[in-house]
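Counting from 13, one number per residue, gives the positions in the sequence shown under the numbering used here.
Keep in mind that the hints were calculated from the coordinates and are not lab data. Each hint should be verified, as a subset may be incorrect.
[Said to hold, decoys possible] Result set (DSS-like, lysine-lysine): computed pairs, CA atoms no more than 30 Å apart in a straight line: (1) K64 - K88; (2) K93 - K163; (3) K64 - K152; (4) K116 - K88; (5) K88 - K163; (6) K93 - K52; (7) K152 - K52; (8) K163 - K152; (9) K117 - K163; (10) K88 - K152.
[What the hints assert, rightly or not] Here are the in silico distance ranges between beta carbons for each label pair: (11) E91 - R47: 52 to 58 Å; (12) I127 - T90: 22 to 28 Å; (13) R30 - A158: 39 to 45 Å; (14) M153 - K93: 36 to 42 Å; (15) E94 - G162: 21 to 27 Å; (16) T156 - I127: 42 to 48 Å; (17) D109 - N85: 44 to 50 Å; (18) N150 - M61: 35 to 41 Å; (19) K52 - M153: 27 to 33 Å; (20) P63 - L159: 28 to 34 Å; (21) A158 - T58: 16 to 22 Å; (22) V132 - R100: 16 to 22 Å.
Where is the CB? At the ideal position from N, CA and C, for every residue including glycine.
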Amino acid sequence: MGLFSSMNISGSGMSAQRMRMDVISNNIANVNTTRTADGKVFRRSTVIMRPKNDERVYRSPFLPEALKTPAGNGVKVTEIKEDQSETRLVYDPDHPDAIKSGPKKGYVEYPNVNIVTEMVDMISATRAYEANVSSIQNAKMMFTKALEIGK
C-alpha cells in the first residue's frame, strides 16, 4: 500500500457520501411534487455503491496468497436507482392532479418519500463523511510524525 493510498480511499468515500447527500437533498426537496416534467409523480432515488476493487482487476497467479487480496481501493457510485415502491394516496378532489376517474377518484398521488427515512439516511451519510475526514486527518498526522522521526 502506497503512502497516499489511505487518503485516496477516504477521498473516494467522501465523494460517494457527498453524492448520497445530494440525492437525499433532492428527495427531501421533492417530497410534495405530484407531477414532474414528464407528467408522472416524483419517485425517491437511492445511491448504489460498490467497492472499487472488483473482480475485473487482473491478479497474478504467481503472487503469494497474502498479496492477492488487497486492503481495498475505495468505493464508487455505480448508479442512482429510482425506488419503485408504492406512492402515497391523499384524498383531495380539488387538487389539479387528482385522479379523475376509477376507484381512486379524487385521490392525489404523492411521492414515495418518507421524510423520517430521508433524515436517518442523511445522518448516516454525514457520519460516514466525517469518518472519512477523520481518517484523512489521522493519516496526515502519521505522515507528519514519520517525517519528524527523520530529524
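Status of each hint after checking the structure:
1. K64 - K88: holds, 6 Å
2. K93 - K163: violated, 52 Å
3. K64 - K152: With Cα atoms ~23 Å apart, K64 and K152 stay inside 30 Å; holds.
4. K116 - K88: Cα-Cα ~42 Å, so violated.
5. K88 - K163: violated, 39 Å
6. K93 - K52: holds, 16 Å
7. K152 - K52: violated, 49 Å
8. K163 - K152: holds, 17 Å
9. K117 - K163: violated, 79 Å
10. K88 - K152: With a Cα-Cα distance of about 23 Å, the restraint between K88 and K152 holds, given a limit of 30 Å.
11. E91 - R47: 52 to 58 Å: violated, 25 Å
12. I127 - T90: 22 to 28 Å: At roughly 26 Å between Cβ atoms, T90 and I127 fall inside 22 to 28 Å, so the hint holds.
13. R30 - A158: 39 to 45 Å: violated, 29 Å
14. M153 - K93: 36 to 42 Å: With Cβ atoms ~38 Å apart, the hint holds.
15. E94 - G162: 21 to 27 Å: violated, 54 Å
16. T156 - I127: 42 to 48 Å: 43 Å Cβ-Cβ, so the 42 to 48 Å window holds.
17. D109 - N85: 44 to 50 Å: Cβ of D109 to Cβ of N85: about 46 Å, so the range 44 to 50 Å holds.
18. N150 - M61: 35 to 41 Å: For M61 against N150, whose Cβ atoms are near 23 Å apart, the range 35 to 41 Å is violated.
19. K52 - M153: 27 to 33 Å: violated, 51 Å
20. P63 - L159: 28 to 34 Å: holds, 31 Å
21. A158 - T58: 16 to 22 Å: violated, 41 Å
22. V132 - R100: 16 to 22 Å: holds, 18 Å
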